[in-house]
Amino acid sequence: MTKSYSLDEINAIIGGILNKVEDIKIEKLSPPLLADDSTLALALSEEEIHNLQMSDAKAALVPFGAGLEHITTIEVERPRLAMMKLLHLFYTPPQTHHGIHASAVVDPTAVIEEGVSIGPNVVVCRNVKIAKGTKLVANVYVGQGAQIGCNCLFHPGVNIGDAVKIGNNVIINQGASVGADGFSFVTETQSTVEAAKEQGSTDGDFSTQKIYKIPSIGSVEIKDDVEIGANATIDRGTVENTIIGKGTKIDNLVMIAHNCKVGENCMIISQVGVAGSCNIGDRVVLAGQVGMADHVNIGADSIVMAQSGVSKSIPAKSIVFGSPAMPRKEYIKQMKTLKDAEFLIKEFKKYKPLLDQFVESQE
Amino acid sequence: MTKSYSLDEINAIIGGILNKVEDIKIEKLSPPLLADDSTLALALSEEEIHNLQMSDAKAALVPFGAGLEHITTIEVERPRLAMMKLLHLFYTPPQTHHGIHASAVVDPTAVIEEGVSIGPNVVVCRNVKIAKGTKLVANVYVGQGAQIGCNCLFHPGVNIGDAVKIGNNVIINQGASVGADGFSFVTETQSTVEAAKEQGSTDGDFSTQKIYKIPSIGSVEIKDDVEIGANATIDRGTVENTIIGKGTKIDNLVMIAHNCKVGENCMIISQVGVAGSCNIGDRVVLAGQVGMADHVNIGADSIVMAQSGVSKSIPAKSIVFGSPAMPRKEYIKQMKTLKDAEFLIKEFKKYKPLLDQFVESQE
Amino acid sequence: MTKSYSLDEINAIIGGILNKVEDIKIEKLSPPLLADDSTLALALSEEEIHNLQMSDAKAALVPFGAGLEHITTIEVERPRLAMMKLLHLFYTPPQTHHGIHASAVVDPTAVIEEGVSIGPNVVVCRNVKIAKGTKLVANVYVGQGAQIGCNCLFHPGVNIGDAVKIGNNVIINQGASVGADGFSFVTETQSTVEAAKEQGSTDGDFSTQKIYKIPSIGSVEIKDDVEIGANATIDRGTVENTIIGKGTKIDNLVMIAHNCKVGENCMIISQVGVAGSCNIGDRVVLAGQVGMADHVNIGADSIVMAQSGVSKSIPAKSIVFGSPAMPRKEYIKQMKTLKDAEFLIKEFKKYKPLLDQFVESQE
Chain A
1 MTKSYSLDEI NAIIGGILNK VEDIKIEKLS PPLLADDSTL ALALSEEEIH
51 NLQMSDAKAA LVPFGAGLEH ITTIEVERPR LAMMKLLHLF YTPPQTHHGI
101 HASAVVDPTA VIEEGVSIGP NVVVCRNVKI AKGTKLVANV YVGQGAQIGC
151 NCLFHPGVNI GDAVKIGNNV IINQGASVGA DGFSFVTETQ STVEAAKEQG
201 STDGDFSTQK IYKIPSIGSV EIKDDVEIGA NATIDRGTVE NTIIGKGTKI
251 DNLVMIAHNC KVGENCMIIS QVGVAGSCNI GDRVVLAGQV GMADHVNIGA
301 DSIVMAQSGV SKSIPAKSIV FGSPAMPRKE YIKQMKTLKD AEFLIKEFKK
351 YKPLLDQFVE SQE
Chain B
1 MTKSYSLDEI NAIIGGILNK VEDIKIEKLS PPLLADDSTL ALALSEEEIH
51 NLQMSDAKAA LVPFGAGLEH ITTIEVERPR LAMMKLLHLF YTPPQTHHGI
101 HASAVVDPTA VIEEGVSIGP NVVVCRNVKI AKGTKLVANV YVGQGAQIGC
151 NCLFHPGVNI GDAVKIGNNV IINQGASVGA DGFSFVTETQ STVEAAKEQG
201 STDGDFSTQK IYKIPSIGSV EIKDDVEIGA NATIDRGTVE NTIIGKGTKI
251 DNLVMIAHNC KVGENCMIIS QVGVAGSCNI GDRVVLAGQV GMADHVNIGA
301 DSIVMAQSGV SKSIPAKSIV FGSPAMPRKE YIKQMKTLKD AEFLIKEFKK
351 YKPLLDQFVE SQE
Chain C
1 MTKSYSLDEI NAIIGGILNK VEDIKIEKLS PPLLADDSTL ALALSEEEIH
51 NLQMSDAKAA LVPFGAGLEH ITTIEVERPR LAMMKLLHLF YTPPQTHHGI
101 HASAVVDPTA VIEEGVSIGP NVVVCRNVKI AKGTKLVANV YVGQGAQIGC
151 NCLFHPGVNI GDAVKIGNNV IINQGASVGA DGFSFVTETQ STVEAAKEQG
201 STDGDFSTQK IYKIPSIGSV EIKDDVEIGA NATIDRGTVE NTIIGKGTKI
251 DNLVMIAHNC KVGENCMIIS QVGVAGSCNI GDRVVLAGQV GMADHVNIGA
301 DSIVMAQSGV SKSIPAKSIV FGSPAMPRKE YIKQMKTLKD AEFLIKEFKK
351 YKPLLDQFVE SQE
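Residue numbers (our numbering), protein chains in the order written: chain A, 1 to 363; chain B, 1 to 363; chain C, 1 to 363.
No lab work stands behind these hints, which were simulated from the structure alone.
Possibly wrong hints are sitting among the right ones.
Identical chains share a label here; the pair holds if one copy fits it or two copies do between them.
As the list claims (entries may be wrong) - The calculated DSS-like cross-link candidates involving lysine-lysine, where the alpha carbons are at most 30 Å apart (straight line), are:
no.: 1; residue 1: LYS213; residue 2: LYS165
no.: 2; residue 1: LYS210; residue 2: LYS135
no.: 3; residue 1: LYS3; residue 2: LYS28
no.: 4; residue 1: LYS210; residue 2: LYS132
no.: 5; residue 1: LYS28; residue 2: LYS135
no.: 6; residue 1: LYS28; residue 2: LYS165
no.: 7; residue 1: LYS197; residue 2: LYS210
no.: 8; residue 1: LYS3; residue 2: LYS132
no.: 9; residue 1: LYS135; residue 2: LYS336
no.: 10; residue 1: LYS210; residue 2: LYS85
no.: 11; residue 1: LYS213; residue 2: LYS261
no.: 12; residue 1: LYS210; residue 2: LYS28
no.: 13; residue 1: LYS312; residue 2: LYS346
no.: 14; residue 1: LYS339; residue 2: LYS197
no.: 15; residue 1: LYS85; residue 2: LYS197
no.: 16; residue 1: LYS346; residue 2: LYS329
no.: 17; residue 1: LYS317; residue 2: LYS339
no.: 18; residue 1: LYS329; residue 2: LYS339
no.: 19; residue 1: LYS129; residue 2: LYS210
no.: 20; residue 1: LYS135; residue 2: LYS3
no.: 21; residue 1: LYS25; residue 2: LYS346
no.: 22; residue 1: LYS336; residue 2: LYS350
If we strip away everything but chain A, and leave its shape as in the complex, we get (with noise of 0.2 Å):
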């Protein structure tokens, strides 16, 4: 059955400036040109405001001030944010079995609270709790003493390794993995690394050294209201947890390594490589493919640009680009340096003769 709502209905919701042309019903949310009379055209952009000419619509959610007069508009102050509003009227959640699945295995010493869905192949371990409303969709594995909040929602493929404590209304997307090992090795004497830090250089016999895993007996602990994307890692600590702080949003393919203490509502973008005992301060952003070397801090409200490499703790409120990193606006001077230079060589050739002569009479 379709979803229908009037027009007042939706406005009732994200709060707009409704100028009504012709009443309709709204069944659906597309950009104006895949849009039919039964559609609210989503006319963000001035790109798409231009398409609702080209658009069979007859209603739109536009940006406050759009003015527009032959259809039947929405007008907002947050488009983005009215946006959000309205999907959720027609976001279909996944399919989730009710109770625990017959094909799932359980241990008889796991707390499971009620309302949960413990869905086909899940795997939970001893001791692991699991408060209520949560849902963990299929093939889906929880570790030993693993505790999960409420509300929380785990798509198919997630592994939770043991000890991880996780928050409420954290949402997990598929194939993501919390708590596994650290990637923490010794060796019994000084590695190459260990060598070209002191000297420079990796000269020397390394050829019958062992290397040693360090074990993880830390964990990881995500606060509540946290994402984490599809095939995100983020790794236990060695002696303490790693931990992901209220809020915070990672995207898929991103590495949390050991002991990193990640602020509140920071986003993190694809691919973004963190590497271990890292402090990330609150409401940070990481564009995607940023890469950080450990032990390296970040102050709050700090904007690191795609594809950079922090090297070095900066300070809160930050923003930096290039790998390494350094701030944006040396960056850019950095840039115009290459160009005056590339300007500068001509000149110089220029008078380079004149020159020659002129030290040639001095001599």
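With chain A's structure known, arrange chains B and C on it following the hints.
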């Protein structure tokens, strides 16, 4: 039982020029140094042709014009194309179950056509359709309403989200995620990134800001003949579908974000990250670890070289490099400027005392 | 029941110098600030030694010569090595099933030696061999003909492709893929990449071109004592096997492509991507997010610094940085040139009017 082919059978497949020194049966393929007397040695490069001298091989696949005399050769115009055809003779497909395995969990509303293989621990949700000859090896998840074409091969651990549409002959490798939630959020008020774009800094108090998830009501469409690598992730669209065009090949650990439209016959190499709402033309090559900012377009037949970061749209047939990416020629010029500058600095230091003297003399 | 050790028992394991102020029982390990009176505080860095002043710890592991008096210390030459030994005392291995779990699907032709643990939902295909003491925790897939040595530990969600050979004591973390298809394709006629290499551009019409998959008849060999990180991917070889040498450690989300030969005791940090047919010597360190072009060789004891892109082979004991990578010293010189150029441009502008005047005077 070992497969065995006569030299004429082999040559009939690849259509080369057979120079037969001795008639043998071919039971395997290998590089020259690992060959024995029932091997067709693959000597595609000059190095491998050289290695034939030290090989036990009695027959070799070689490029046209190699002109070897003491060994049976098949000369071909395009050796890798010939190798591809021969490898098919010796390839063993993964073990698949006949029909639906007892441990699989298939919703009664799912429509499974004849000749479909559904292996151990596979989960198929309601209203799924799977067409003839498709094979889900093991531990695969297919979300509600997904539609899968004919003759697809999904390797173990693949996760397919709700309403994903997949064409014919699609191969998805181990652990890949198709149709996880897009990484899409909105704040009630201005975020640090919005502030940085507007005012160039993150000055201000963002501490009370809440982040809301924008649900993805779009899904993913994968057209015919696409291949997706192990642990790669392709996210669902916000309103429309994310689309991967016919024949496009996507390597391991690649990230394709929400709303992207990828053209036909593209090659997207390992660890590439494409941010939301990008448009990629036909036959575009994104080399390893390339990153693309959101809302960027790449024209057909373009090549983005490895590790580049594409921040602005580029026309068809571009070849770009660098982070941020620029035309390859510009990058080469920039590198030359840097070399020249080094030389210039030395030269300038030579003239500087005289220039200073000259300046003084003019005062 | 809490494990508890005397100070002498602890010191017997790590062989340090015990300066006993008070005799206590050690029940846990932690950093100084989280310690209580039954903790051995781990004060390995200067910062942590400083933190002992604010700690409730009555005993600490410290580097040799720390010279603390009011607290029991064990001084050691190489604190991380000592820490590694102590962490083993407090480490709990993951929960494993005794024998073969009822939900596992094991082909009757598979040879499973004694003491092997096959957990819930594990799939083992035909002709697989698994040697003594190896543990497959849960949701693991092992393809036909794979051979796995003694005392391995495969975490949940690991996927092992057909004919993969794995040595002894190998640890594979959550979601890792070993033996997926190589990313190897060929076109009937010249591809855009071939054109670009030959003519420097992608001019021409490639629109009718078909792409063919080159099947992988090679597999993967993982030697003894290797560790592979969560969601990492190691692809099968085209004809020969991809090989990972003894003792090599591979971090999360790393990509090792088809045909690569990786030496012994290498450290390959998170998100590194190695393209096809590379040779990597023994004890090579590839730092985070490094990329390597195909067919590139790296000599033994080399270090490739984070985010570098290695496009050409490099000799043993190299230390390289940058994209494209160059010797670290050259990179430092290049950065200095850029700084000097900035200064030079200012200077040059100072002289320019006089130079122009001089040029005029000579005309």
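Okay, the hints, checked on the actual structure:
1. For the homomeric pair LYS213 and LYS165, the shortest alpha-carbon distances inside one copy (24 Å) and between copies (22 Å) are both at most 30 Å.
2. Proximity of LYS210 to LYS135 under the C-alpha cut-off of 30 Å is restricted to the inter-copy arrangement: shortest distance 24 Å between copies versus 44 Å within a copy.
3. In this homomeric assembly, LYS3 and LYS28 come within 30 Å of each other (Cα to Cα) only inside a single copy, at 8 Å, whereas the closest approach across copies is 57 Å.
4. Only between protomers do LYS210 and LYS132 lie at most 30 Å apart by alpha-carbon distance; the minimum there is 24 Å, versus 48 Å within a single protomer.
5. Only within a single protomer do LYS28 and LYS135 lie at most 30 Å apart by alpha-carbon distance; the minimum there is 27 Å, versus 34 Å between protomers.
6. In this assembly of identical chains, LYS28 and LYS165 lie within 30 Å of each other by CA distance solely across copies; the values are 19 Å between and 39 Å within a copy.
7. With identical chains, the CA atoms of LYS197 and LYS210 are at most 30 Å apart within one copy only, with a shortest distance of 19 Å there and 43 Å across copies.
8. For the homomeric pair LYS3 and LYS132, the shortest alpha-carbon distance inside one copy (28 Å) is at most 30 Å, but the shortest distance between copies (33 Å) is not.
9. Proximity of LYS135 and LYS336 under a CA criterion of 30 Å is satisfied in neither setting, with 54 Å inside one chain copy and 56 Å between copies.
10. In this assembly of identical chains, LYS210 and LYS85 lie within 30 Å of each other by CA distance solely across copies; the values are 14 Å between and 57 Å within a copy.
11. In this assembly of identical chains, LYS213 and LYS261 lie within 30 Å of each other by CA distance both inside one copy and across copies; the values are 22 Å within and 23 Å between.
12. When the C-alpha separation of LYS210 and LYS28 is checked against a cutoff of 30 Å, the pair qualifies only between copies, where the shortest distance is 27 Å, while the shortest distance within a copy is 62 Å.
13. For the homomeric pair LYS312 and LYS346, the shortest alpha-carbon distance between copies (29 Å) is at most 30 Å, but the shortest distance inside one copy (37 Å) is not.
14. Within a single copy, LYS339 and LYS197 get their C-alpha atoms only as close as 34 Å, which misses the 30 Å cut-off; across copies the closest is 24 Å, which meets it.
15. Proximity of LYS85 to LYS197 under the C-alpha cut-off of 30 Å is restricted to the inter-copy arrangement: shortest distance 25 Å between copies versus 53 Å within a copy.
16. Within a single copy, LYS346 and LYS329 get their C-alpha atoms as close as 26 Å, and across copies as close as 18 Å, so both meet the 30 Å cut-off.
17. With identical chains, the CA atoms of LYS317 and LYS339 are at most 30 Å apart both within one copy (29 Å) and between copies (26 Å).
18. In this assembly of identical chains, the alpha carbons of LYS329 and LYS339 lie at most 30 Å apart whether taken from the same copy (15 Å) or from different copies (15 Å).
19. In the homo-oligomer, the alpha carbons of LYS129 and LYS210 lie at most 30 Å apart only across protomers (28 Å), although the nearest pairing inside one protomer, at 40 Å, exceeds that limit.
20. For the homomeric pair LYS135 and LYS3, the shortest alpha-carbon distance inside one copy (25 Å) is at most 30 Å, but the shortest distance between copies (35 Å) is not.
21. In this homomeric assembly, LYS25 and LYS346 never come within 30 Å of each other (Cα to Cα): the closest approach is 68 Å inside a single copy and 67 Å across copies.
22. For the homomeric pair LYS336 and LYS350, the shortest alpha-carbon distances inside one copy (22 Å) and between copies (18 Å) are both at most 30 Å.
When held up to the earlier numbered hints, the structure conflicts with 9 and 21 and fits the remainder.
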